[in-house]
Structures are given as C-alpha cells and as structure tokens.
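Engineer: Residue numbers (the numbering used here), protein chains in the order written: chain C, 1 to 265; chain X, 1 to 270.
Don't read these hints as lab results, they were simulated from the structure. Fair warning: this is a prediction, and the values are worked out from it, not measured in the lab. Hints may contain errors.
[Unchecked claim] In silico contact screen, one side only, chain C against chain X (beta carbon under 8 Å); selected entries:
#, residue
1, F31
2, V46
3, F86
4, I127
[What the hints assert, rightly or not] Computed list of chain X residues with no C-beta within reach of chain C, every gap over 12 Å:
#, residue
5, I16
6, L18
7, R20
8, Y71
9, L103
10, Y106
11, M108
12, I190
13, R215
14, D242
15, I247
16, R267
[To be verified] Computed list of lysine-lysine pairs in DSBU-like fashion (alpha-carbon distance at most 30 Å, straight line):
#, chain 1, residue 1, chain 2, residue 2
17, C, K114, C, K134
18, X, K24, C, K259
19, C, K262, X, K24
Backbone N, C-alpha and C define an ideal beta-carbon position, used for all residues, glycine too.
As a plain string of letters, each chain reads:
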Amino acid sequence: MRDTRAYKPISRRIRFWLSIIVILAIYYWAFQGMHFEGVQSTTKTVMLSIINGFLHPDWSYVYIPDGEDLLRGLLDTLIISILGTFVSAILCIPFAFWASTNMSRRLTVSGSGKILLSVIRVFPEIIVAILFIKAVGPGAFAGVLALGIHSIGMLAKLYSETIESIDRGPQEALLACGANRLQVLRYAVIPQVIPQFLSYSLYRFEINIRSATTLGLVGAGGIGTPLIFALQVRNWSRVGVILLGVVILITLTDIISGKLRKRII
Amino acid sequence: MKPAVPGSGRKSPPDIQLIRGRYKRIATWLLIIVVFILCSIHIHATPYKLMTGLPQMGSLLQEMIPPDWSYIPTIWQPIMETIQIAIVGTTLGGILAIPVALLCAYNMMPNKWVSIPMRVILNLVRTIPDLLFASIFVAMFGIGPFAGMLALLFFSFGIIAKLTFESIEAIDPGPLEAMTAVGANRLQVIMFGVVPQAFPYFVSYFLYTFEVNIRAASVLGLVGAGGIGILLDRSLGLFRYDRASMIILITLVIVLAIDYGSTRIRRSLL
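Kindly generate the complete structure, drawing on both the sequences and the hints.
Structural biologist: See the structure below:
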C-alpha cells in the first residue's frame, strides 16, 4: 500500500489536503470555546484539599444505623437498575416483534418500528428521568421508570435482531401441522430467543447500573443524591468514599453479570 | 434447557431429568418474581403511583407542544459550545489513550507487571459514568465548559483505550516479526508495523466515542458543566416546557446529523 502513495492522482491529493485544512479549522474553532484561562486561580489549594479528602475517605459514612448511608444508597442504586431492567425487558418485547422484519409481511411496519426505537434511543435517560420526576415526584420510582423507558430503545433493537436471526424451520413445521400464530410464537419462536433475550437484558443491566448512579444527580434516587450534596458542601472525604463505593459496586456487578451471561449462552 | 441425551441417563432416567429441569425453571422464575416484588416494596413503587402520575405526565407533554420556535437564536451558541466540548474532550482523551493502549496490549508490552496494572486502572476509569466525572470536575474547576471537557476527556479515554488495545492485540504479527528480524527498534516497529494496521480501527473508535460524547455533552449542563444542558435545566426549572422541548428537538437533530456523518466516515474507513 505504502509505495503506491507517490502515484496518487492530483485530485486525491487535493482532497487529502482539503480535509486536513477542514479538520484543523474545526479544531481551532473548538479550542476557542474552551476558555482555558477561565480556570479558577484557587485551583491549587482546591486540588490539595481534594487529594487530602480522597486519601482519607469518610469511613463512618459507610454504615449509619438509622439514616442515609453509603450502603443504603448503593442498595437503592442496585434496586433501581434491577427494576428498570425488568420493566424494559418486558416492555420491549412487543416493540421487538414490531420492529423485526420477519414477523410482519410489510416492510413499512417493521421500518416504522425501527424508526421509533432509534428516536427512543437518542433521548438521554437523564432527560427522561427529569420528565418522570415531574410526573411521579422525585425518588427512586422516577429513576426506575426512566431507565425502563430509555432502555427499551436499545433492548428492543437487540431483541429484534435476535428474532430476525432465528431458524425458520420449526416455525414452518408448526405452520404445516396447522398451528395458529400464537402457538407458533409459543413453541417455535420463544424457545429460540429466550437465552439471547436474557443475555442482552443482563448486558443492559450493566449499563443501567452506571446510569443509576448518575440519576440521583437530578433527584431520581440512588447514590447520586448524597454525592451531589457532598459535592455542594465540598466534603471531599465523603465524595471519596462514595466514589469508592460506586467503583466497587459496578465492578462487582460487571463480574457477576459477565459470569451469568457466559453460562446462559 | 438441554435435551436429555440418550445413554447419559444411566443414573437418572431422562424423564426425571426433564422434570427436574422443569422444577428448576419454575424456581428461577419464582425467584425473579420475588426479587421484583421485594425491590418494588423497597422503593415504594406502586401501580397506584404510576396511575396518578401518568395524567400529570400527559399534561406535561401537552405543554411541550408546540415548541417555542422563537427560542432558537438563544440556544444556538450553547449548542455550538456542546459540540466544541465533545470535540475537544474526545480528541484529548483519544490522544491520551494511544500510549496507554500500547502499554495494555500483551503483544506490545510483554511485561505483565506493566500491562496488568494498566488494565486494572483502565477498568476502574471505565466504571465511573460521565455525569459523575462532570459533577466532580464542576466542584473542582467551577461551572463551565472546561469541567465538561475534562469529564469527557476521562470518559472517552477509557472507551478508546480499551477498544484500541483490543484491536492492537488482534493485528497480524507477520510485519512486526519481519521488521524485528531486519533490525528495527521498538519505535520503528510501532511506527511502521502497528500504526498502519491499527490506525483505521483507532479512527473508527474515535468517531464512535465522539457520537457517544455528543449525546453526553448535551446533558452535562444539568450538573453545570457547560453546553446546552444548562439552558435545559433553566427552562425546566422555570416550567417553560415549550422551550425545553425546543432544546430537546434541536439536540436530537444535531445528534442524528453527527451520527449520520460519522457513520459514513467510519464505513469508508473499515
């Protein structure tokens, strides 16, 4: 490949340099907007207190017998993501069948389903969470609903791809012996897709637990709420212990869910 | 469920295995349902709450339509800032990811004492979501796009380094061996053996991360880290849902446009 470079036609070389110039212009513009000089002059002392706080995490916050503590916050986060995954894993099944091309005869049906799913996907979950907070009030329930609705976009897409890749044989055999549509679904489609569905749901659960830690920043329950309070009063040792808890929780759930996924498939 | 293999059922006949499998399945589903109910009780989630909440949600959506079109000139500047944050954050994160990816890959760094700690650090960085990074950097450096840029820097560093070191490990070792055989040093091997093979993947992951970051940057403002999110937060706080829906709409358009462009570039690369 490399030695043919010298013989590149001039038009391609012009295109190459043009794209370089465009990229440089974009970078010039982008770095202009960053206001590096706007960084606070007190950064050094702030940094020192942060490092000091992180080195001495507030261990007393881990467990407080009566009240809000780290373990309860993490448990809330875990529960929000479990429930959110449940809700979306069930809600997305009809969407998945709607969006898969081999379940409906007309392409417009599955096409409209796919478009709807990608619209759901581009909505950030934090915005969905804010909308649900306005509806059901702040708290973990809003977080569950936000994760449940937002995850439909991705899960239903993955589910529908699974449905599209199933073996048609059992389906045709059942149709040939006179099974109706519901029976075909129950005995030919569902058994083929369930393991994949479970595996994708677990994968989404891993994503959801990351989101659940941030939902509290806008008031939708979980560990984010005490974190944002601790950040507002610059209580760095508490921030340190919360971050440590988040890292441990996410690492553990990643390992467990990865093991489960390997066993399922 | 595994079908009973004939001959394997010497200890227990196949029908008993089948029944045992069925009990196991029922037990699993029961366990799932019990966990579901316990979790719902813990966070006080009831269908009643949902029923009373839904009409409120409906009225909220009603207020969002029609969007406030006159708001477009105001949100133009923050939208541009959002894109700038994403570009700078992704770029610096990507640059930082290159040496780390080289140190993580086993075929580049045979010394396990370096590569394994590097991988552990990388995994730890990837556990922290972008908004957590952003809220911490806002507390450190004050409200503004700089904090958001730093958050995206760390966030994209984790993703790009992980994906890149995996593709470095998958490259063809032939050219590297040939170069080592004719006496190239480490830097030359990397420059002429690794980079040409891994570069298209790197650019593709870079663009993919950029797509993710555009989405992330649009909500970073909710914690004060610059971009369009600050205006969104403000208009939601003032109950100006028509403005909020305008912001969401414009963000969607920008995200879709960038997704489209980036996907096209990625397809022509690989």
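Engineer: Confirm or reject each hint.
Structural biologist: Here is what the structure says about each hint:
1. F31: holds (6 Å)
2. V46: Holds: closest Cβ of chain X sits about 6 Å from V46/C, inside 8 Å.
3. F86: Constraint on F86/C satisfied, holds at 6 Å.
4. I127: I127/C check passes; min Cβ-Cβ to chain X is 7 Å, inside 8 Å.
5. I16: holds (21 Å)
6. L18: holds (14 Å)
7. R20: For R20/X, whose nearest Cβ neighbour in chain C is about 17 Å away, the distance exceeds 12 Å, so it holds.
8. Y71: It holds; Y71/X is separated from chain C by about 17 Å at its closest Cβ, greater than 12 Å.
9. L103: Answer for L103/X: holds, closest chain C Cβ roughly 21 Å.
10. Y106: The assertion about Y106/X holds, with a minimum of 20 Å to chain C.
11. M108: holds (21 Å)
12. I190: holds (16 Å)
13. R215: The claim is violated: R215/X sits with its nearest Cβ about 6 Å from chain C, within 12 Å.
14. D242: D242/X is indeed farther than 12 Å from all Cβ atoms of chain C, at 14 Å.
15. I247: Not fine: 9 Å to the nearest Cβ puts I247/X too close to chain C.
16. R267: Given a closest Cβ separation of 16 Å, the condition holds.
17. K114/C <-> K134/C: holds (28 Å)
18. K24/X <-> K259/C: OK: K24/X and K259/C at ~19 Å, within 30 Å.
19. K262/C <-> K24/X: Answer holds: K262/C to K24/X is near 19 Å, not above 30 Å.
Checked against the numbered hints above, the structure violates hints 13, 15; every other hint is satisfied.
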